[in-house]
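Enquirer: Could you build the full structure based on these sequences and the hints that come with them?
The residues making up each chain are set out below.
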Amino acid sequence: MIRLIASKEFRCLFASPSTWWMLALLQFIFAWFFLARVDDYLLVQAQLAQSGNAPGATISIAAPLANVLSIVLMMLIPLFTMRLIAEERRNQTWILLSTAPISSLHIVLGKFLGLLALLSLIIVVCGLMMCAIAFGTHVDVGLIASNVLGVWLLAASYAALGLYFSALTRQPIVAAFGALAVSLGLWMLEMSSGMVRVLSPTVHFQALNSGLINSSDLVYFGLFIGAFLGLTIHHIRRERGGAR
Amino acid sequence: MSTPLTLSAQHLTLFRGRRCVIEDVSLELRRGEVLGLLGHNGAGKSTTLQMLAGALLPTSGHVEVCDFDLSRQADLGKACLGFLPEHPPLYRDMTVHNFLVFAARLHRVSAAQLPEFLALAKQRCGLSEVGDKLIGTLSKGYQQRVGIAQAIIHQPAVVILDEPTVGLDPTQIRDIRNLIRELGNSSSVILSTHLLNEVESLCDRALILQNGKVIFNDTLAEMHRYNDIESSFIRLTAMQAEGVAP
Chain E
65 MIRLIASKEF RCLFASPSTW WMLALLQFIF AWFFLARVDD YLLVQAQLAQ SGNAPGATIS
125 IAAPLANVLS IVLMMLIPLF TMRLIAEERR NQTWILLSTA PISSLHIVLG KFLGLLALLS
185 LIIVVCGLMM CAIAFGTHVD VGLIASNVLG VWLLAASYAA LGLYFSALTR QPIVAAFGAL
245 AVSLGLWMLE MSSGMVRVLS PTVHFQALNS GLINSSDLVY FGLFIGAFLG LTIHHIRRER
305 GGAR
Chain W
591 MSTPLTLSAQ HLTLFRGRRC VIEDVSLELR RGEVLGLLGH NGAGKSTTLQ MLAGALLPTS
651 GHVEVCDFDL SRQADLGKAC LGFLPEHPPL YRDMTVHNFL VFAARLHRVS AAQLPEFLAL
711 AKQRCGLSEV GDKLIGTLSK GYQQRVGIAQ AIIHQPAVVI LDEPTVGLDP TQIRDIRNLI
771 RELGNSSSVI LSTHLLNEVE SLCDRALILQ NGKVIFNDTL AEMHRYNDIE SSFIRLTAMQ
831 AEGVAP
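These protein sequence lines are chains E and W, in that order.
Using the numbering used here, you'd call the opening residue of the first sequence number 65 and step up by one each time.
Using the numbering used here, you'd call the opening residue of the second sequence number 591 and step up by one each time.
These are calculated hints, taken from the structure and not from any lab test.
Be aware that a few hints might be false.
To give an idea of the chain E side of the interface with chain W (calculated C-beta under 10 Å), a few residues [to be verified]:
| no. | residue |
| --- | --- |
| 1 | R101 |
| 2 | E303 |
| 3 | G305 |
As the structure is a prediction and not an experimental result, all values here were calculated from the model.
Idealized CB from N, CA, C, for every residue including glycine.
Expert: Okay, here's the thing in C-alpha cells:
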C-alpha cells in the first residue's frame with residue numbers, strides 16, 4: 065500500500081509541467097553557481113598553491129554548492145509538500161484516500177516516500193555535477209558523499225515538516241507558508257548562541273558539509289523526521305477516526 | 591426478511607460547534623435493496639452519506655458495514671463500501687485507466703482480479719473508449735461516470751452515491767439508472783437525489799430528511815398512499831416545517 069501511494073505521487077509530480085519547469089530552473093541555477101565557483105577557484109589557484117595547507121578543489125567548489133542546494137531546497141520543498149495533503153483536500157480528492165481501507169500510517173509514509181524519491185533525483189543529479197570536477201583534478205569522493213548525504217537528510221527533514229503543515233490545513237498556500245516560516249525560523253536559530261542552536265537542522269548539516277559524519281547528527285535528523293512524520297500520522301488518524 | 595443486513599447506522603448525531611447538524615438518524619439497508627435519500631437543500635443528505643461512508647466522524651452513534659464497525663474495524667468495513675461524493679474525487683492529471691487502477695488497488699483488488707474488475711467497471715459506466723484520456727479533459731458527464739466507476743470498481747456490498755445523475759444528459763441519465771438497477775440486484779445501493787421520479791423508478795424505500803432529522807422512512811408503497819410521490823413529499827416536508835406530526 066505504501067508503494068502504491070508513493071508511486072502514484074511520484075508519477076503525478078512528474079505528470080505536471082510545473083515540476084519539469086522547476087527541475088530545469090534548478091539545474092540552470094546550480095550549473096551557473098557551479099561554473100562561477102570553478103571560475104573563482106581557478107583565479108585564486110596560483111596563490112593557494114604557494115601556501116602550505118591549501119584547501120582542495122572539492123572543498124572550495126562542491127561544499128558551497130551543497131550549501132546553496134540546501135537553501136534552495138528549503139524554499140522549494142514547501143511548494144511540493146503543500147500539494148500532498150492540503151491541495152488534495154481543496155480539490156476534494158482527499159475523500160478517496162480517507163474512505164479507502166488503508167491505514168493513515170500508509171498514506172503518510174507513501175506520500176513522504178513519493179516526494180523523497182523526486183528529491184533524491186534532484187540531489188543525485190547535483191551530486192553528479194559535483195563529481196564533474198573529476199575531469200580536471202583529483203576529487204575528494206568522501207567529502208562529496210558526506211555532502212550528498214547531508215543535503216538528502218536535510219531535504220527529508222524539510223519534507224516531513226512540510227507534510228505536517230500540509231496535514232493541518234486545507235489551504236495549500238497556508239501549508240506552504242507555514243512550513244517555510246518554520247524552516248526559516250530554524251535556520252535563524254543557527255545564528256543564535258546557547259542550547260537552542262542544536263535544534264536547528266542546518267547546524268547539523270554544517271558538520272556533514274565539511275565532511276564530518278557525526279552519529280549525533282544522524283540521530284538528530286532521524287528524530288526530526290520521525291517526530292514530524294509521527295505528528296502527521298497522529299493528526300490524520302485523529303481526523304479519520306477509528307483505531308488505525 | 592431473510593436477506594442479510596449490509597449497512598446499519600444507529601443514532602447518528604453530528605454537532606458542528608454547538609449547532610446540531612444531524613440529529614439521531616438511524617437507517618438499515620439489506621442486500622439487494624435500493625434506498626433513496628430525499629430532502630431539501632441543506633437538509634443534511636450529503637453529510638449523512640459522508641458519515642455512512644466513513645469520511646466524516648459522527649459526534650455519537652455508529653455505523654456498521656457488513657457487520658464491521660466503521661470506527662473499530664475501519665479497514666474491513668471500508669473495503670465493503672463504494673462511495674461517490676458530491677464532488678467526484680478525481681485526479682485531473684491522471685488518465686481514466688490509471689486512475690481506475692489506482693482506485694482498485696486502493697480498495698485491495700488483487701492483481702489477479704484487476705483486469706476483470708477494470709473491464710467490467712469500464713463497460714458498465716461506458717468508459718471503454720476514453721481509457722487513455724486525461725480526466726481533466728473530459729466533459730462533466732464523463733467525469734461523473736468516472737466517479738461512479740471509481741465507486742463500484744471493487745464490487746462492494748454497499749454502494750453510496752451522492753446525486754449520481756447530476757450534470758448528465760438524458761441518455762446518460764437513463765444509462766446510469768439502468769446501472770443502478772443492475773447494482774441493486776447484487777449489492778445494496780443508497781443514493782441521494784432531488785429528482786422524485788428517480789426515486790420512483792429506482793428505489794425500494796425512501797428516507798426523507800429535514801433539518802437533519804428523519805421525517806419519513808418507509809417503502810415507496812407507503813409514500814404512494816397519499817396520491818403521487820411528489821405531493822406526498824411536499825406534504826411531508828411542509829407538515830414538518832409547520833411542526834405538525836405527519
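Enquirer: Against the earlier hints, flag every one the structure doesn't satisfy and list their numbers going up.
Expert: 1
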